[in-house]
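These two chains come separately, so use the hints to put the complex back together.
In order, the protein sequences belong to chains H and C. Letter 46 of the first sequence, counting from 1, is numbered 46 in the numbering used here, and no numbers are missing. Letter 118 of the second sequence, counting from 1, is numbered 118 in the numbering used here, and no numbers are missing.
Just so you know, these hints were derived from the structure itself, not from any lab. The beta-carbon is built from N, C-alpha and C at its ideal position, and this holds for glycine as well. Hints are supplied without guarantee of correctness; some may be wrong.
Said to hold, decoys possible - Here's a subset of chain H near chain C, in silico, CB distances under 8 Å, partners left out:
{"hint": "1", "residue": "L115"}
{"hint": "2", "residue": "Q117"}
{"hint": "3", "residue": "P166"}
{"hint": "4", "residue": "P175"}
{"hint": "5", "residue": "D178"}
{"hint": "6", "residue": "T209"}
{"hint": "7", "residue": "S241"}
{"hint": "8", "residue": "L244"}
{"hint": "9", "residue": "D258"}
Stated by the list, open to error - As a list, the in silico SDA-like pairs of lysine to any residue whose alpha-carbon atoms are at most 20 Å apart:
{"hint": "10", "chain 1": "C", "residue 1": "K153", "chain 2": "C", "residue 2": "R167"}
{"hint": "11", "chain 1": "H", "residue 1": "K211", "chain 2": "H", "residue 2": "Q117"}
{"hint": "12", "chain 1": "C", "residue 1": "K291", "chain 2": "H", "residue 2": "D169"}
{"hint": "13", "chain 1": "C", "residue 1": "K302", "chain 2": "H", "residue 2": "P175"}
{"hint": "14", "chain 1": "C", "residue 1": "K171", "chain 2": "H", "residue 2": "P166"}
{"hint": "15", "chain 1": "C", "residue 1": "K291", "chain 2": "H", "residue 2": "L176"}
{"hint": "16", "chain 1": "C", "residue 1": "K291", "chain 2": "H", "residue 2": "R167"}
{"hint": "17", "chain 1": "C", "residue 1": "K231", "chain 2": "C", "residue 2": "K171"}
{"hint": "18", "chain 1": "C", "residue 1": "K171", "chain 2": "H", "residue 2": "R167"}
{"hint": "19", "chain 1": "C", "residue 1": "K97", "chain 2": "H", "residue 2": "Q117"}
{"hint": "20", "chain 1": "C", "residue 1": "K302", "chain 2": "H", "residue 2": "I77"}
{"hint": "21", "chain 1": "C", "residue 1": "K291", "chain 2": "H", "residue 2": "P166"}
{"hint": "22", "chain 1": "C", "residue 1": "K7", "chain 2": "H", "residue 2": "L137"}
{"hint": "23", "chain 1": "C", "residue 1": "K7", "chain 2": "H", "residue 2": "F170"}
{"hint": "24", "chain 1": "H", "residue 1": "K216", "chain 2": "H", "residue 2": "T60"}
{"hint": "25", "chain 1": "C", "residue 1": "K291", "chain 2": "H", "residue 2": "F173"}
{"hint": "26", "chain 1": "C", "residue 1": "K291", "chain 2": "H", "residue 2": "P67"}
{"hint": "27", "chain 1": "C", "residue 1": "K302", "chain 2": "H", "residue 2": "R174"}
{"hint": "28", "chain 1": "C", "residue 1": "K291", "chain 2": "H", "residue 2": "P175"}
Stated by the list, open to error - Label pairs and their in silico Cβ distance ranges:
{"hint": "29", "chain 1": "H", "residue 1": "V165", "chain 2": "C", "residue 2": "D370", "range": "26 to 32 Å"}
{"hint": "30", "chain 1": "H", "residue 1": "Y136", "chain 2": "C", "residue 2": "A3", "range": "57 to 63 Å"}
{"hint": "31", "chain 1": "C", "residue 1": "T16", "chain 2": "H", "residue 2": "S349", "range": "45 to 51 Å"}
{"hint": "32", "chain 1": "H", "residue 1": "L137", "chain 2": "C", "residue 2": "S27", "range": "26 to 32 Å"}
{"hint": "33", "chain 1": "C", "residue 1": "I31", "chain 2": "H", "residue 2": "Y136", "range": "53 to 59 Å"}
{"hint": "34", "chain 1": "C", "residue 1": "S17", "chain 2": "H", "residue 2": "K216", "range": "53 to 59 Å"}
{"hint": "35", "chain 1": "C", "residue 1": "I76", "chain 2": "H", "residue 2": "L137", "range": "43 to 49 Å"}
{"hint": "36", "chain 1": "H", "residue 1": "L137", "chain 2": "C", "residue 2": "F89", "range": "45 to 51 Å"}
{"hint": "37", "chain 1": "H", "residue 1": "T5", "chain 2": "C", "residue 2": "R4", "range": "46 to 52 Å"}
{"hint": "38", "chain 1": "H", "residue 1": "P151", "chain 2": "C", "residue 2": "I31", "range": "30 to 36 Å"}
{"hint": "39", "chain 1": "H", "residue 1": "Y136", "chain 2": "C", "residue 2": "L11", "range": "15 to 21 Å"}
{"hint": "40", "chain 1": "H", "residue 1": "Y338", "chain 2": "C", "residue 2": "Q130", "range": "34 to 40 Å"}
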Amino acid sequence: MPKVTVRISSRQLMLLKLTGITGTIFFGAVRLLTTMAGAHAYLAILGGGVASWTVIFLATRIAQRFPAETPFEYAQIIFGKWFGKLFGFALISFNLVAASLILRSLGDFLITAILPQTPLSVNITLMLVLICVGTYLGLEALARFNEAFYPFIFLSWVLVLAASVPRLDFGWFRPLFDIGPGQLTSATIVAGTFLIDSLVVLVFYPFVTDKKVVLKYTTWSVVMGTILVLLLQGAVIGVFSPNLANTLTFPLLELAQDASLGVFLERIEALYLAIWVVGTFIRVAVVFYAAVLGLAQTLGIKDHRIFIPLLVVPVFYLSFQADNVPMSFNYDSLFSHYGIFIQFGFVISLLLGAMFRGKRGRADSESKSV
Amino acid sequence: MKARASKFVALLILLTSVSLLLTSCWSAREIDQLAFVAAMGIDREDDTIKLTVQIIVGGGGGGGGESDGAQAPVWITSSTGNSLSEAVFNLNLVVSKTPFWSHSYVMIIGEDLAREGIAEVLEWMGRDRQARDTLLVAVTLGKAEDILKVEPKMTQLPAEYIETLLRLGAKTGYIPNGHLFRIRLAYANQPGMQAMMPLIQPQPQEDTGGSSGVENPAAGIGESDEGEEQKAESIELKGTAVFRDDRMVGTLDLRESRGVAWLTGQISDSLVTINRTEGQITQRADFTQVKYRLRKIDGNVKLEARVTQDGVLQSWPLRGVQSITPTILAQLEEDLAREIEGEVRAALAKLQGEFNADIAGLGERLRRLDSSLYRSLDWDKAFPTLQLATEIEASFRRIGLTKE
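In isolation and in its complexed conformation, chain C is listed as follows (with noise of 0.2 Å):
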């Protein structure tokens, strides 16, 4: 009988003990009492940081906007503080619930912004770990809230049009890869390595007169002649935002940015375009691969990048070519290099003439090859006079389904 009282007595405190931890912890956050921010924009405004978010809204509808009576997928609010502590802080004067930042896709940083110094964000983002390092982050020439306003026609989240733009956009080359991880890596390891983030910017709607290639990213969006508000409905690629330390001291083009990239390795799609006097020959460069040595030439040691890459002939105009020859492939070949050649030298120009900022790392790969060397040089002094030697090999893999 006792026996059983104890046995009892025993199941009532475990039972009670588990019902009890089965309630969680202090940390325990619930879901409906969370706000999914799926983009954030910051910009810097007069002496303040405004942060804007779209959070999901639940059971949203689709479209992307407001039309045919359908609830918004997303809800664009902002809110202002001194630092962005202290805008994240204040988001909650107007959400009535808990930001979570796990599931952002996207983060914009606005052009005043960026050029003043974004140690703040990146600080922030280290510090407070919710977001992943695979958020995708890239500079706006403009304001960041202008883009997360931007209402796509594809996707029913913004976030994700601009999330597959930029994924997409970076296998080209025409943009740097804009992981947060990136820009994290390349800021603890600087000068060696600078930092560089993609380049966009809101393109206007086709009706509201505006073109692609506006120069002044201010005008043509947000307000039409009469004044009325219009919003954007797509994003342009523009090309790469280059950092110096923590700020943004200039951009390059879609060209240069390639350049950057065949340094880098990290084009896996790209079009290559040969002009010829017999008509434009394109390869679909599907491998790149980069390697450096340090070489010594005319009795100096110099780093060189070996550039290898490969891809498929997409198209072959040539009138009066009539086979597609090993020999006729060869030339074109060297032609490739040529011009690849002429992107590479073209980024260089900039970022060693221009920005002295050096987003291609090559100060990290020369440290690698011989530590020494590098640790001896002012890696800010030396960049800007570095004779970076390139070997190109570009190739023609495969010549599609004909062969004429």
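Same shape as in the complex, but just chain H (with noise of 0.2 Å):
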């Protein structure tokens, strides 16, 4: 197989953060804050946006340390052979329950809420069908489409919450503090996991042309997904009231099922639905990617494509573990506890390493071949 000289731009970068932060959102990040904080998730996600770009400014700098290896590689330069092949496995798993998580979270979905008799091994299988030939097309491709998709995502996002505008009583979030301590932390660690996605700066910066300006626009990501999941929470609140907003599975398909443009536009859920689901493949097939690559990468074999096959088993597999959608909601919930914390221990176990041994990487090639 003839290498493949990946390129990706600081901007498409970007859109990947962005895809990942506000792709998903539909389905677990809203309920779970409105759970948590009720009135004050505004105060959680706001938290969480910096906490997680904290963790991004981190995962950035050591990603500089090592311009042209991805942190498959470098954890082996860092921790030695052995050590650093067991730190890229974890990074692997990590990733590979990410995406039964995100699979499974989007199974559920369209199970409870559009399409009750269709089995959840039916949705599952045929997303991980997409999932599997976007990895095959690799990151590059995977990075194009999102681009030319992102734009979707977002007008999908601007038309939901400007059809909530006029129902919106702001009365709902009054009073404006009066969240304990320890119920704020919880929902800012929470909100942080749903905003950091800090892997695709560590796995993806080597791929990128323009380096230099990746930590800008990677800022620009968690500002302007933060923004936006801001607003999202705002509105659910601002319509629902957080007693009501508490008792729904989905508040923003709710949110958009009542949102019309004047009388001649009702029910366009689908639409949303259609490029949601688009932009939840785009997340999970990053995710399920950065494993694949990982892996070939760990075991220093070049061509990543044939491990697709092998990486799919498990993440069907984990993606079946709840036995209803309770359960999966409590397993989405464990993850979104325990995320920053595992990104921020990986980030932060390669810097110090890094920095204490001295290792630094070869110099910037401009572009990675796999």
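See below:
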């Protein structure tokens, strides 16, 4: 197999991150944040935004020390061959678990709200087939597709927000500060997990052509993602009230369902859903691609594509671990409570390891071959 | 040659998969297999729930009934079950298509069921989210079934008639906003905000001898003196059905209902009449706003509602007064404010004294202003003794096309 030179721009990286944040928000984040912080979820999102930017900043710093290598490669430089490989496997496992949880959440969403009679296995299998195709085509194809598609995701949220403005009652946010510190911290951690997606920066940094502006663009992605999530969460609370929103399984879907544009465009949620499902596909494909690429690089094999069928099996298996929808929600909640710490752990151990051992990567070759 | 063969195989696979995927998924619903429910009525019948539905008949004729040989635009049928879910499921014992609720206009709840509790109805509507939040819900004095059997003369679809009546009625304040969403919102935020629904009743035909203000709704509807079935052809708005938790605890008449509407700021087109010795003056109110604040009155903190309303001078039959001067208007505005204050007080007297149901959401207003004060109170116990201070600011913005 000939070497393929992969190049993506900082802007494409930013959009991949934004899709990671806002492409999947409709099935988990808002529900969880509403349950945890109610009307004060906005504080948690602001805090989560700051926390996630901090991790992304650290991830960019370590990536800058190894501009031509992925973490799967430079983990072996920092920690030595075997510990490095172990670190790589941990990173791969994290991505596989993340991919399976997102996939299952999408499946739950579809069978609950849209396709009640379609078996979960069919939804997940079809999505996995698409993800395999996306992963086979590689990062560049995914990034370009996402760049072309992201405006639709963004527009869908803007329309949902615009249509909910007449129904907003800002009184539901009052009092503005009435939440215990423990509750707020817990919600902030969860919000941070939703907003972080730091592994995108960590894994795909070497493929970026204009590396000098990566931090700028990723900062923008966090700022824009935080604002969008903040507004959507605000719309849910302002329209439904914290108490009613707390009873809803998919608050954003309900917001989209009732959001009509005038009297001529009603019940256009099917349109939104089509867009959001594609957004989820991009997100899972990117996470899965990172895992496949990671396994190839950890094992020192040039062509990552041969690992696609191998890694599909654990993702498929893991996505069926929850027996029912509430159990799936519990897993999602569990992951959201620890996700930011795990990602922070990966980043900080790499950074501190590299600093203490004085390790640096080879010079940037502008693009990376896989 | 080999490349062409592989291209052909790829194309074949692509075309096959596309044609297979286009057959859609398991959950596909074919339009000819759906029964579009325009209106539903839910009644308590002995120990069972009776669900009556108006199903739109495709290609139906006009007229609202089966007169003149035209096909009726709707088919009215019903089913029963031990629960609402069971009654909905049992609908397919008589209806050969899958009921489709997304296009429903209205849901009518019979008084008996409303008084017993509608938690199950709200639970079903919330969990099975086919019906829109803009679905209008109302309570009828009597049986919901009777409302669904009304044959209006003006519109083809009886459900559309009920929906328009409820929608326009809500602007006047004589009935509350009956959107399912408003009811779900109140139900989720009790006791600081209790649910209310429009109250309606079938109006018997003129020639049956009934009147619009019948006290006993069951009388005069359904059967005439001779025992012949007489279907009502119109519906009358009666006021507000007041709920406490999920149970209907009483009713407010039109005037009292508007008293609540001033406190919720939901009047956008109503007629207020001032009775003076010189004659009756009417204002077409087209703007209402209400703001709440906490005020210290006589050393006590009180919740104050400041109602601002505005409107057009509609009639001016004052004898002996030729010109409409600002001074006279100011006097009329004071009278208007007194009238509105009277409506508010009449509503509060019933809500606090008889029903102990905060349908105006005063508890929620207090929570927004001082959450710690609200939390310190047991609102169910505090509401009956709440002393609401009111400040009404009524004004005539326009005087019409004659100045005298």
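Hint check results:
With its C-beta approaching chain C no nearer than about 4 Å, L115 of chain H sits inside the 8 Å limit, and its interface hint holds. Checking Q117 of chain H against chain C by beta carbon gives a least distance of about 4 Å; that is within 8 Å, so the hint holds. A cut of 8 Å between beta carbons decides the hint on P166 of chain H: the least distance to chain C is about 13 Å, and the hint is violated. Look at P175 of chain H: its Cβ gets to within about 5 Å of chain C, closer than 8 Å, so that hint holds up.
Interface hint status for D178 of chain H: upheld, as the beta-carbon distance to the closest one in chain C is roughly 6 Å, under 8 Å. Among the interface hints, the one on T209 of chain H is violated; its C-beta lies about 32 Å from the nearest C-beta in chain C, farther than the 8 Å criterion. Given the 8 Å rule on beta carbons, the hint for S241 of chain H holds: about 6 Å separates it from the nearest Cβ of chain C. Using the Cβ-Cβ criterion of 8 Å, the hint placing L244 of chain H at the interface with chain C is satisfied: the shortest such distance is roughly 4 Å.
Given the 8 Å rule on beta carbons, the hint for D258 of chain H holds: about 5 Å separates it from the nearest Cβ of chain C. At most 20 Å may separate the alpha-carbon atoms for a hinted pair to count; K153 of chain C and R167 of chain C meet this at roughly 18 Å. Between K211 of chain H and Q117 of chain H the alpha-carbon distance is near 47 Å, which puts this suggested pair outside the 20 Å criterion. Taken as a hint, the K291 of chain C and D169 of chain H pair is honoured in the structure, with Cα atoms around 13 Å apart against an allowance of 20 Å.
Under the criterion of a C-alpha separation no larger than 20 Å, the hint pairing K302 of chain C with P175 of chain H is consistent with the structure, at around 18 Å. Distance check on the hinted pair: K171 of chain C and P166 of chain H sit about 17 Å apart at the alpha-carbon level, within 20 Å; holds. A threshold of 20 Å between alpha carbons decides the hint, and for K291 of chain C with L176 of chain H the separation of about 18 Å falls inside it, so the pair holds. A threshold of 20 Å between alpha carbons decides the hint, and for K291 of chain C with R167 of chain H the separation of about 18 Å falls inside it, so the pair holds.
Simply put, K231 of chain C and K171 of chain C have alpha-carbon atoms about 28 Å apart, too far for the 20 Å limit, and the pair is violated. As the CA atoms of K171 of chain C and R167 of chain H are separated by approximately 17 Å, the hinted pair is consistent with the 20 Å bound. Restraint check: the Cα-Cα separation between K97 of chain C and Q117 of chain H comes to about 17 Å, which is no more than 20 Å; the hinted pair holds. At roughly 71 Å between alpha-carbon atoms, K302 of chain C and I77 of chain H are farther apart than 20 Å, so this suggested pair is violated.
For a cut-off of 20 Å, the pair hint linking K291 of chain C to P166 of chain H stands: about 18 Å separates their Cα positions. As the CA atoms of K7 of chain C and L137 of chain H are separated by approximately 18 Å, the hinted pair is consistent with the 20 Å bound. Restraint check: the Cα-Cα separation between K7 of chain C and F170 of chain H comes to about 60 Å, which exceeds 20 Å; the hinted pair is violated. Of the supplied pair hints, the one linking K216 of chain H and T60 of chain H holds, its CA atoms being roughly 10 Å apart against a limit of 20 Å.
About 16 Å separates the Cα atoms of K291 of chain C and F173 of chain H, which keeps this hinted pair within 20 Å; it holds. At most 20 Å may separate the alpha-carbon atoms for a hinted pair to count; K291 of chain C and P67 of chain H exceed this at roughly 60 Å. Note on K302 of chain C and R174 of chain H: the hinted pairing holds, with a Cα-Cα distance of about 19 Å set against a maximum of 20 Å. For a cut-off of 20 Å, the pair hint linking K291 of chain C to P175 of chain H stands: about 16 Å separates their Cα positions.
Range check, V165 of chain H to D370 of chain C: Cβ separation about 28 Å, and the 26 to 32 Å hint holds. A C-beta distance of roughly 20 Å is found between Y136 of chain H and A3 of chain C, which places it outside the suggested range of 57 to 63 Å. Separation of T16 of chain C from S349 of chain H is about 50 Å and conforms to the stated range, judged on CB atoms against 45 to 51 Å. For L137 of chain H and S27 of chain C, the Cβ-Cβ distance of about 30 Å falls inside the hinted range of 26 to 32 Å, so the restraint holds.
Distance hint for I31 of chain C and Y136 of chain H: a CB-CB separation of about 38 Å, inconsistent with the stated range 53 to 59 Å. Judged by the Cβ atoms, the range 53 to 59 Å given for S17 of chain C and K216 of chain H is violated: they are separated by roughly 42 Å. In this structure the hint that I76 of chain C and L137 of chain H lie 43 to 49 Å apart at CB is violated, the actual value being about 57 Å. Roughly 47 Å separates the CB atoms of L137 of chain H and F89 of chain C, a value that falls within the hinted 45 to 51 Å.
Between T5 of chain H and R4 of chain C the Cβ separation comes to about 30 Å, which falls outside the hinted range of 46 to 52 Å. A hinted range of 30 to 36 Å holds for the C-beta pair P151 of chain H and I31 of chain C, which are about 32 Å apart. Remark: the range hint 15 to 21 Å for Y136 of chain H to L11 of chain C is upheld by a beta-carbon distance near 19 Å. The hint said 34 to 40 Å for the Cβ distance between Y338 of chain H and Q130 of chain C, and at roughly 37 Å that hint holds.
Checked against the numbered hints listed earlier, the structure breaks hints 3, 6, 11, 17, 20, 23, 26, 30, 33, 34, 35 and 37; every other hint is satisfied.
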